[in-house]
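*Asks:* Following the hints, put chain V in place on chain R, whose structure we already have.
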Amino acid sequence: MPPAIVPLAEPSRTAAGPVSRTGGDESPTPPLLPTPRADRLDPERLHPALWRGHQLGRHAEQGCATGYEALDAQLPGGGWPRRALSELLLAHPGIGEIRLLAPALAAVQRAGRLVMLFDPPAVLSGWALAGMGLDVEQLLLIQAASQVPVDPGAAPPGPSRQVGVQARLWALEQALKSGHVGAVLAWLPPRLAPDRVRRLQLAAQAHDGPAFVLREASAQSSPSASPLRLGLRAAGVDQLAVNVLKRRGPPLLQPLHLRLPAMLSPVAARRARSAGESEARPVDVPVGQGADALAEPVAPRLPSATFVNLA
Amino acid sequence: MLWIGLYLPWLSLEAFVATLPPEARGTPIALMHLHQVVSLNRAAHGLGVQRGMKRATALALAPQLLFGEAHEGRDAAALQAVAHAALAFSPVVCLSPPAGVLLEVSTTLRYFGGIDRLAQRLDDTLAPLGHRVFRARAPTAQGAALLSRWRDGVQCPDLATLQAALDDAPLPVLAAAQPHLETFQGMGLRHLGELRRLPRAGLARRFGEGLLDELDSASGDRPDPRESVVLPPAFDSEVELFARADTTDQLLHGAEVLLARLVVWLSARHAFVRRFQLVLRHEGRLRRAEGPSVTPVDVALAEPSRDAGHLQSLLRERLAAFVLPAPTLELALHAHDIAQQPPPNTELFPTPRNEREGLVRLIERLQARLGPARVQRLVRVPDHRPDRCAHTVPYEPGAAPRAPEPVVTSRRPVRRQARGAAERAAASPAPTKPPVLLAHPLEPERPAPSMRPVWLMPEPVPLAERQSRPLLEGQVLQLLCGPERIEAGWWDEGLAERDYFIAGTAEGALVWVYRARLPLSGGEGWFLQGRFG
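So the sequences go chain by chain: R and V. In terms of this note's numbering, the first sequence is residues 4 to 314. In terms of this note's numbering, the second sequence is residues 1312 to 1844.
Keep in mind the hints are simulated off the structure, nothing from the lab. The C-beta atom is built at its ideal place from N, Cα and C for all residues, glycine as well. Each statement offered as a hint is correct.
One side of the interface only, derived from the structure: several residues of chain R facing chain V at Cβ under 8 Å: (1) 96; (2) 97; (3) 101; (4) 102; (5) 126; (6) 127; (7) 129; (8) 131; (9) 147; (10) 174; (11) 184; (12) 240; (13) 242; (14) 267; (15) 268; (16) 275.
Only chain V is shown next, with the shape it has when bound in the complex:
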């Protein structure tokens, strides 16, 4: 058995600081519990504030002191995130209240390549959570917990060194000794070793069985069953902001904590998130009457990810275009849609695979900021009418940008359609639609693409006319090629009967103009349809 004990000495302070806006994080901060200072940061300590002070005393020393209330639920949520981070390294992870996490790593040492590498990776995983962590290694769980509470970096490979280290540890590390610390001081006891040398029967009578139990399980003389942390199947976490957030920028700092917790939960599950939801809970008092009390912000990913930086940038772009309906007090993050898949390989050199991933991320970012409808791809519609043959559709996330798509490019469907129309016309000649002789009987069904302009007007632009020739920007257009009759759409609403010409402007550019064949079909005179790019 090899246990790593993690102890977070400033857990409640750090959990509180995470709810502050970033500019307030350097100011003197003190946490209160039962009207006493229980935790304080370095800046407050520098001003002379100490633990156990009353609020008035502390304020007299440091008027700018920022007070927060210690909150057990907030600490528990932060500690749970640390436990989730540890679960990525071992299936046996236990909480050691109030601020410790224990993990048994003897079974996973070989996989992670030794205790040193495992400790390094554990540090890297814990770093985004922003906690200061004391670590200790010991063969027993209780021993690791006690030593980590004492100081950082105690390493005991076997029971003998553990016993020696425990004998040097100070008494306050024992949870059961907390109520009796003054008594021990009066008895002249300072270290665990001195306590252990006292007669056991007398100790048990005066201080209770718990003290001896804790000592025995630490040294391995007593069984120490513990309950492992079980990972929840879905991620739900929330944080209450210290100050109400009026801008989305302030929200982001609170959301950073939640995203860091999400990422450690994902890495413990070996999963990737597909979509997540940030719920903003608004202040009730200042809310407008019709405003909602909660606002959900959904972020969907084209490709499952657990990269904190990427998730954060997506959320930032999403929130940048977002107007808060009311000041926000609480944030909650829910992630229920996750994907189990093998982690991506890390690559040193650029490959098509990581280029594709980068591309997907870029598109996600653009869609998050601009809106999904603004990222489009071109669709070719087999239709003769220029205003219908080209349109754009929003790019769907999930589909690869260069995946083949069922766009009809061959001429066959067109021909079949045309033949079908001809057969129908032959079978029952419609009196209102006499067969029209095309101007070019030999014209290909799908006109040669090179004869079509790249730029098309969304709406045909009416042109002025001089001596029955079209004018563009006050100049006569020279008709160079045509007419090419396009007559289609009698089967739907968009009937078009037009004679198209390629015309040249005075400077030499080519434009595509048409004249409606009949005055009733879409106006009279000349229209500009496109330009040859």
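Excised from the complex, chain R in its bound form:
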């Protein structure tokens, strides 16, 4: 947004904003003042990048549909933003993040464009990706990091991986700047400085498509230049809790609960739910703490049967 627009818009907002209007309701409106017309109330008529604090921000372009209606409704532009970074914070890979992104990535591929994955933290299974509707032929993996860690869920490795950070960010920036890649999905190195993210965000402005960066959950406390930040957390079997940390719009207090495409058969899913309840009951979790309280190292009461074949 050009900064010159803001001072221009300021007087009309204060004159026609809600504050002066409520004041006008209480006391008779002075006849000399022009009554605020409806069209002057809309800041978007002044500039397409302007929006009110209680509205969702509007982008000049429509976002990419996420494939989840509940999420689309909460994102500015009605989907994953183009020409901007979307930051996803998650504790470790493997909580359903690929299932969350797969519909958008598949839509990009259906448009005949390439999807680039940067430094995936483990081996990706082509069969599973194809099962989610992705075209494996239109995926390109860039392994700029020196090596792949053994367990993606393990703690972030030490300084050995810091060697390739420059090369990783360079490769990602080149892909974003070129503007020829349909969608970018990048696993960023841990503890990245905010100016690096800002640099990526600037590069992403040339990228006509969604650009996802996946970072560790502790990055939530550090500032970031990406206009959309989501915290992801597993919330039960085939469910994902999406916490909107930052968006162009009012803050969202409650996390969204998304139902992901099922990995388990209905019987197994029911069993998982009942197992969760049976585990939750004896521990006596206070209401409101949810899954975090369940993660406490308490010994749950085990069912007597060790293996039950229900699939």
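*Replies:* Frame of chain R, contents of chain V only:
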């Protein structure tokens, strides 16, 4: 006939400056030949240095003066590049030594849309070479050469105006008059017109036939056969750096000149380069004993190109990850692998075609910097074993990213393989391998992809165990689905006999774990195989 004469007044100075590191290019520079200053740049001129000075005199005026030695071979290579640039506009291009190029354009005027547009495009083509060029147009080759040596921008459409322009030209433009300039000055002659009005017999007797021949061919009274420049079939050019280059960054500036020459050669051939080789010649004295004397740097392109900026960025990325074995003195560029193909259309709006080109360039750049093995694509292998069903192969340059590839996606080969195995088993029952009853007889051969995790461990991670149930990060995993027996690989080394389960962690994420069916096949206990992304 319409000749364009190009004259490069500072050719040898510019050819020398091109070998300097960029930070030294603004300093006062003088070129020496036979202990005399023959050429100097503006900064040196501002300090009072002049042509013909001795080295000591020049140094007294400007102590920081940078001296270079004039080198005919270097000038000839630079002039040849200009001739190659001109060959893109006309098949008849002649060298006019020491620093001129002539091209006959009457046959190609119509194609290029007139003389003005042609001159504009010629300027654009010459610009990357970094030379200051004087141009003149005349109906005769010699006339164009003389006028371009006089000043920039003389235009003579016919012989009459050419004669008038030549009469005003000063005498030093004549090559044959160079030894007699002092004599002419003593005779009071300054312009060609005054010389031409003198009796011819006397001129020929005193100054030789060459003077009159040059004048006659300039005015069109005498035939002027010339030999055209022929383009070499392969490109080889080299440049000697003024200072030895210790870093690859310094090399790049020298390589810029070579790449610019390569691009004009390519445009003259109407070709595109597929791969080129930059050869670094190292200094012998400081070289380590085991070090090589030359280091070749190969750059291969996925798609033939002649875009100087693109070639340069590829070379930059290539050299950035390169450690020089020794300081470099000389650079040579060889391009033997070229592709003849029609030039790409220029497009105003983004189209799939130029998006694809941009994508290929991006991949080339990534491969040049990171190494070709780091740009990969996924391959699906029809195998039941999770550690073999997915792997990555380096992306090959040349293949389009979305070209269909023969990856077996149907289930048929698997089934055939399984049936073949069953027939073999039926024909000759192996006593060591009794037929195993699968836990799920109705299980599909290719398991439903949705039941497979996206993330696979490169190596299965052993899990701790509590009350015969697996632990992940200190927490008991809840087995939700299974077992699914995968028993394969008895025909090769990787025998796997495992019972797979989908398990849920306490937070609700799903993981894929297995237990080895027999203790001897791959360890005992529980292993983590994958995570559901």
